[in-house]
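Enquirer: These protein sequence lines are chains A and B, in that order.
Our numbering runs 17 ahead of the 1-based position in the first sequence.
Our numbering runs 1053 ahead of the 1-based position in the second sequence.
Hints in this document: simulated from the structure, not taken from any laboratory.
You may find that some hints are simply not true.
Stated by the list, open to error - Simulated DEER-style distance windows between Cβ atoms:
1) TYR1058/B x SER149/A: 51 to 61 Å
2) LYS80/A x GLN1352/B: 43 to 53 Å
3) GLY150/A x PHE1230/B: 24 to 34 Å
4) ARG1235/B x GLN22/A: 50 to 60 Å
5) LYS184/A x PHE1230/B: 41 to 51 Å
6) GLY84/A x ARG1156/B: 14 to 24 Å
7) LYS184/A x VAL1218/B: 54 to 64 Å
8) THR1342/B x GLN100/A: 43 to 53 Å
9) PRO127/A x GLN1202/B: 34 to 44 Å
Claimed, not checked - In silico DSSO-like pairs for lysine-lysine, Cα to Cα no more than 27 Å straight-line:
10) LYS1233/B x LYS71/A
11) LYS76/A x LYS122/A
12) LYS225/A x LYS42/A
13) LYS1336/B x LYS92/A
Stated by the list, open to error - Just some of the chain A residues that point at chain B, by a computed CB distance under 8 Å:
14) MET18
15) LYS92
16) THR107
17) THR116
18) THR119
19) SER120
20) THR124
Yeah, the Cβ is synthetic: ideal placement off N, Cα and C, and Gly gets one too.
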Amino acid sequence: MLDIQDLHVAYGESEVINGLNLSLKKNEIIAILGRNGMGKTTLMKSLIGMIPSKSGSVKLEGKELFGMQSHERVKAGLGYVPQGRMIFSTMTVQENIETGLTSTKETEVPEDLYNIFPVLREMRKRRGGNLSGGQQQQLAIARALASNPDVLLLDEPTEGIQPSIIKEMAHTLKEIRDSRGLSIIVSEQVLSFALDVADRIIVIEKGKIIHDQPRNEVDEEKVSSFLSV
Amino acid sequence: MFADYTWAELGSIFAMQGFSGLILFSVLLLMALGLAIIFGQMGVINMAHGEFMILGAYITYLTSNLFSTYLPELFDAYFFIAIIFAFIGTFLLGALVEWTLIRHLYKRPLDTLLATWGLSLILQQLYRTIFGPREVGVTLPDWMMGSFQVSEMIEVPVNGMIVMVITLFITLGVFLFLQKSRKGKQSRAVVQNRAMAGAVGIDTARVDRFTFALGCGIAGIAGATFTMIGSTGPTSGQLYIVDTFLVVVFGGAASLLGTIASAFSISQAQSIMEFFLSGSMAKVLTLLTVIVILMLRPQGLFSLKVRR
């Protein structure tokens, strides 16, 4: 589905991602774990094209994305839920989702999006900025799903969200994956959420993958030792 | 200062000055609408906004000459065609300026001030070279001249009414466009968070160009209506640019409603005080009031209340 080969991303001289290889299968959920500053967000931003990559290749179903701008990548089939949610705070919930429809020919928000997140239907006339953190997170996911992506990128979706909702989110993400045939990459610091949601657990450190195992073979002790400071 | 007038006279003075204030309001509002999009929403300090307006006025002047020479039988209607030409002309120049200049400066908003100031000087000199340093005026068709006699002392000029009707329609149009249309929603998303708008699939470069050009196009319409109440010279735009920025800042940068309210209060205060005091004294008082209000309320009259 998504093939990342020898990806290098740098801010000026300092290289944050150096030579990362990763391949995501169809319907697979990968959780990328790592401490702060290890390149999780940089990897996500470079995949969606918010920051340019230096070299390497990112292929989505055989189509090369390297060098494309963000909106072209969305059209090619990537969906992105950023860290901190970054919804358009002065626009209503409905308008927020509508921005996600840009790359499709749709003009109306599809009903099934509201069915996944019923709270958004209730709040569709409210300004996005007035929603709670958890509701904003749902909105950010709905907005990304509106463009009908094949691969969904989520950057630290649990940040600033209360534990009961985190459990629910893991469940919702798996449901979306099953109903829409999505593949998902989620970057995370919370190990329990990653174990809940993912089929494969990856740990990155200094821009390189240092650990890669399927969910059912994961040694929790070992992974959490990677995450402790 | 009121003592020399009778009540009836005072009433008429307020009505007449109020009406001429409404005309000033219309021109200010049209100017400010464009700038509210370019400065208020996109954050580009467009010092050349007045020159875009003047371009619209010159295009109207050219259209009126064209009609009186080649199509005198359609002269009565030339003005409406001139508005369309003025919009298209300034829209295209705006798109060109965005592509060559502005798009490189979104990350350095203060530099847009210098760049567009330079552009404004270049445009002024261009106008001087092409149209000459003397002011030009357009001939209005007969039906646009004259005035309604409302009472013995109050008369209302027809061209003023037309200016106001045009302003009403353009304001409504801009408002509906930004709030309801697909393109308008996209441009609101882009001005709010350019990187994120790209990441939900919006072609931000195209939307930016369109938004900037639209703001310029509206300035062009302002210029076209301006020809009905004043004559056009290469530097006429300079007279309005300060007031226009004042209106946008005073109204609250991101709010169209605020722009309307502030254009209204500034132009009315200006126009009514002008009758009793000298023009410059009226300006001083208006400016002082605005500055005091902005010190108490830096975000302007209206601002959206949301968590950021």
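Enquirer: Would you mind marking each hint as holding or not holding in the structure?
Expert: Here's how the hints hold up against the structure:
1. TYR1058/B x SER149/A: 51 to 61 Å: 60 Å, holds
2. LYS80/A x GLN1352/B: 43 to 53 Å: 46 Å, holds
3. GLY150/A x PHE1230/B: 24 to 34 Å: 32 Å, holds
4. ARG1235/B x GLN22/A: 50 to 60 Å: Once the Cβ atoms are compared, 37 Å apart, the range 50 to 60 Å for GLN22/A and ARG1235/B is violated.
5. LYS184/A x PHE1230/B: 41 to 51 Å: 43 Å, holds
6. GLY84/A x ARG1156/B: 14 to 24 Å: Taking Cβ atoms as reference, GLY84/A and ARG1156/B lie about 19 Å apart, which means the hint holds.
7. LYS184/A x VAL1218/B: 54 to 64 Å: For VAL1218/B against LYS184/A, whose Cβ atoms are near 60 Å apart, the range 54 to 64 Å holds.
8. THR1342/B x GLN100/A: 43 to 53 Å: Since the Cβ atoms of THR1342/B and GLN100/A sit about 45 Å apart, the hinted range of 43 to 53 Å holds.
9. PRO127/A x GLN1202/B: 34 to 44 Å: Since the Cβ atoms of PRO127/A and GLN1202/B sit about 60 Å apart, the hinted range of 34 to 44 Å is violated.
10. LYS1233/B x LYS71/A: Judged against 27 Å, a Cα distance of about 40 Å means the pair is violated.
11. LYS76/A x LYS122/A: This hinted pair holds, its Cα atoms lying about 24 Å apart.
12. LYS225/A x LYS42/A: Roughly 20 Å separates the two Cα atoms, so the pair holds.
13. LYS1336/B x LYS92/A: 53 Å, violated
14. MET18: 19 Å, violated
15. LYS92: 6 Å, holds
16. THR107: 5 Å, holds
17. THR116: 5 Å, holds
18. THR119: Constraint on THR119/A satisfied, holds at 4 Å.
19. SER120: Nearest chain B Cβ about 4 Å off; hint holds.
20. THR124: Result: holds, 7 Å to nearest chain B Cβ.
Of the hints listed earlier, those the structure fails to meet are numbers 4, 9, 10, 13 and 14, in rising order.
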